[in-house]
Structures are given as C-alpha cells and as structure tokens.
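Asker: So the protein lines, in turn, are chains A and B. Residues in the first sequence are numbered consecutively from 180, following my numbering. Residues in the second sequence are numbered consecutively from 94, following my numbering.
Bear in mind the hints are in silico, worked out from the structure with no lab data behind them. Where hints are given, some of them may not hold.
[Said to hold, decoys possible] Here are the simulated DSS-like cross-link-like pairs (lysine-lysine), alpha carbons at most 27 Å apart as the crow flies:
#	chain 1	residue 1	chain 2	residue 2
1	A	K477	B	K142
2	A	K351	B	K115
3	B	K142	A	K343
4	B	K142	A	K181
5	B	K120	B	K142
6	B	K115	A	K343
7	A	K215	B	K182
Because the structure is a prediction, the values reported are computed rather than measured.
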Amino acid sequence: MKTKAAVVVIGGGVIGTAIAYELTLRGVRDIVLVEKNTLFSGATARCGAGVRQQWGTEMNLRLSIGSVKRYETLAEELDYPHGIEFSQTGYFMPVYTEKQRQQFEKNVSLQRKFGLDVQYLQPEECRSIVPIVSLDGLLGATYYDKDGYLSPFHTTAAYAEAAKRNGVCIEKNTEVLGFTMEKETIRSVKTNRGDISCDCVVNAAGGWSQEIAQMAHVTLPLFSERHQILVTEPIEPLFRPMVMSFTHGFYTQQEPNGAILMGVGDPHEPKGYNMDHSYHFLHTVASLVTSVLPAVGKARVVRQWSGLYNISPDKAPILGLPKEVNNMFLAVGFSGHGFMVAPMVSEMIAQMITNEELSIPEARTQLDLGRYDRGERIVEPSVV
Amino acid sequence: MNLKDDNTIVCRCADVTLGEIKEAIRKGYTTLDEIKRLTRAGMGQCQGKTCRNLLLQIIANELHISPTDVELSRLRPPSVTIPLELLAKEDANEN
Ligand SMILES: Cc1cc2nc3c(=O)[nH]c(=O)nc-3n(C[C@H](O)[C@H](O)[C@H](O)COP(=O)(O)OP(=O)(O)OC[C@H]3O[C@@H](n4cnc5c(N)ncnc54)[C@H](O)[C@@H]3O)c2cc1C
C-alpha cells in the first residue's frame, strides 16, 4: 500500500468512488481510496436505489436533476459496457390528506419551474399509471416519468473501475483507525495496514462518518439508523413506477425481472449501528403495502436485509469542511437519499478540493456544516 | 458440472454463466458478496442453495486458494419463501 497520497478518500460506497473519479477528471493524481470491507458493502449495497426528482426545495431539486442528467449517460462516460441499468419508470406518490394535497400541488408548481413535467393525477387517473392501486382514501397522486432507479452495484463498480484506470489506488479491507494531526490539519491517516501521509482527506464513510470525524475531534450532528428492506420472488408485471407513500412511510418498486422490492421506516427504530433484520418489519411492510397495492399480496418474500441511514438535522447532506479541521472534506448525512444525488455531490466535493467554482454555487453556504450553527436549515417538505 | 466451459450456467435462477463469474473475479471482485451483488448469482429464487458451494469452488480455483479460505457471505432470512398476504395478517412478537 502507498504511504503517501495527495488525497485519501475514506469509504468505498457510491459517494467515495464517485469522488475519487471526479478528482481524477480535475487532474488530481495520487489518490488512495480506503474501504474497511469491500466495495459497495455499506448503505450503497443495501439501498432501494430509487432516483427521484420530485422534491420540494430548490437545493434538492438542483442536486437530483443534475444527478439524473449525469446518470443518463454515465455508463458511456465511464466506459462501462455492462451498463448501470438506469430505468426511468417514474415515481408515483399517492396523496391521502388535504394538507398533503396542498403541499404536493405547491411542490409540483416548483418542480415545473425547474422544467420537470410532473403530473398531478386525480384519483380516477391514478389507475392509468398504477393499475393495481387501491382507491380507498386516495385523493390523487403526483407522477413523474423521468424518475427511476439504477443498479447501485454496477454504478459503484463503474465509478471505481474508471477511477482505477485513471490511477486511483483502491485499498479494500483497509480500515481507518485514526489520524495524526498537527493543529487543525490532518497529516496522515492511520489504518490497520499502515499509515498514509496526505494533503487532505475525504470523509465518505456513510453510516460511520461521525466516527471518522470524531477521530479528528470533530463532532458531527449526525446519527445512524437501521432501515430494513425486502425482495420477493419474481411475479407477473403489476406496476411500473416506484410507489412511495408519505402517509404509510413505504416505497416499493417492481424490477424488470418481476421481483418486488419494498421498505418502510420504523418510527421507533433506535439510533445505532444495528444491521439485523426483524419479523416485525416483515409484518409492517406487508400490511402497509398490501393495503395500498392489494395485488402484491401473493408475492412471496425471498430475502430481507437492512442498512444504515446517516441522518442529519434537516435530512439534507453536509458537504465541505468543518471549522475545526482545514483538510477533511465531508460528504455525509445523506439521510436515506444519497444514491440519487451522488453525481452532483461528488462533482462538487472535487470542485471544493481543487478550488473551482461549484456547479451549484449556493451549496457552499447552504449545505456546509456551519449552517446549523447559524440556525439555517434546508426545509424539505417532501422527505420520508 | 463442467467448470472449464465458460458458457456453463452456474446460477440457474438468475441465469449467470461461469464466464461472467470469472470475469468479475478477474476484475478484482473476489468475495462471495461482491460477486453476488455484481452478477446476481445466488440472489434468485433459491437464494444460492444450489450455486453457493459452486461459487466458492470457482473463486477458490481462480485465486488458487482453498474453498475454506474464501470470505463467506451472510445467509439472509427467510429460509423459506412466505407470501406477503400471510405476513400482513400475522403479527408475532419478535421473541
Ligand atoms: C434500506 C435503504 C434504502 C435506501 N434507499 C435509497 C433510495 O431509494 N435512493 C437513494 O438515493 N438512497 C437510498 N438510500 C440511501 C443510500 O443508500 C445512501 O445515502 C448512499 O448509499 C450513501 O453512500 P455512501 O457512499 O455515503 O455510504 P456507504 O455506501 O455506506 O459507504 C460508506 C463506506 O465507508 C466504509 N467505512 C466506514 N468506516 C470506515 C473506516 N473506519 N475505514 C474505512 N472505511 C470505512 C464502509 O464500509 C462503507 O462501505 C437507502 C439506504 C438504505 C439503508
């Protein structure tokens, strides 16, 4: 393993691998990416991989729209012949309360300003998009056909392989244990396989990012929380878009092979690093999803698993430097929707490191860690 | 099973060939988890009950190590498939 690098990227998920690649595009050489397990073994490997642009704030709209644009041609850009399986089959978001209806209508008018042709569907129109949706209590839905999902494994592999071709050293089974600091500067990264001295560090450690920051005496306002998910056996095609209900807290998607993926948050889930799975989850998600999509009831569950959300106070990511350390760039706190913004986030972290203007200039002052000290937040109405 | 012919189907549920597995290993994805995630081998209906040992053997062959030295992946529940409508009805306490 190298003992010296310009940049050490910590974390081999979609965020870390994408940042390593983006840095190579800007001429940075001598990059080492360290991952304590294998590539795509954290949240990236466990996520629903849904990509939606139907957000309710300008910042989230910019992050997700820019990312989708990049995902549309990413496989060619990264020269990844297998492809990243980007399937734009839409997101369908049902409405059940008057308050939700008003909020969704507001969101749609903002989304339209950003050029997204999002539809607000009346109850009787919903079945033309999701034929199996129950009309019980349904007041309408929003639907955007350019939302979708892609393979988190192939996307990460594509970034990692392109980064490697451009000279990045990827070190698996390499766990960061601490830093050697000189005042406010990290001088070297200590790992189980030796030390790497470096000019700067990227913290892209997902659910463990607050632990990494603590090693540099930075306390992040983040916590991690288990989220569970399951997949069924393939059955005949029943619905195309991701169905995401804020009222019930679930999301579900039928993959092209017919298997159905579904997950739901648990309001009583304790903070922590638990990644076990529970029967309680199976029961909860099954009852909620079958109440909205009764026809999926016959699908048989083949596997369940879980991963960590890394949650920030306003459920928006934290990007950039903390005030205590002048060379640890944070790309953390994705709060359950980091996969869909990875292209924009990684591009902007690379721009910060190379002192370029950011693709979204406001991100410097709206997504920095300092926003919480200043009493500012991203107030996103559309988040589960 | 013919472990010489790259067209041999290793995982019948997800229709993955020996050639695809070897290609993943060649690119540096050498653990069962990485190979499963990338090729979908072992992720289908039978959840690897048929191909798991075969995958271990292939990884071991390619890396010239013993199958017992291959990093194992976690077996995930449920061990038999259950319809959602049944799960929706039955609430059981976890313990
Ligand atoms: C069930 C579930 C469903 C989700 N659904 C969606 C979705 O539909 N759409 C969406 O956009 N997002 C979704 N997400 C969120 C998404 O998965 C994450 O936001 C995203 O994958 C974060 O990527 P990452 O690279 O930051 O983190 P990770 O993929 O977790 O990568 C961090 C890596 O850092 C490594 N690491 C940690 N500590 C150390 C150390 N000390 N030394 C070295 N390496 C270390 C870890 O091993 C890990 O591989 C979901 C998440 C879960 C859990």
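Asker: Take the hints in turn and mark each one as holding or not.
Answerer: Taking the hints in turn, this is what the structure says about them:
no.: 1; hint: A:K477 - B:K142; in the structure: holds, 23 Å
no.: 2; hint: A:K351 - B:K115; in the structure: holds, 19 Å
no.: 3; hint: B:K142 - A:K343; in the structure: violated, 34 Å
no.: 4; hint: B:K142 - A:K181; in the structure: violated, 40 Å
no.: 5; hint: B:K120 - B:K142; in the structure: holds, 25 Å
no.: 6; hint: B:K115 - A:K343; in the structure: holds, 20 Å
no.: 7; hint: A:K215 - B:K182; in the structure: violated, 41 Å
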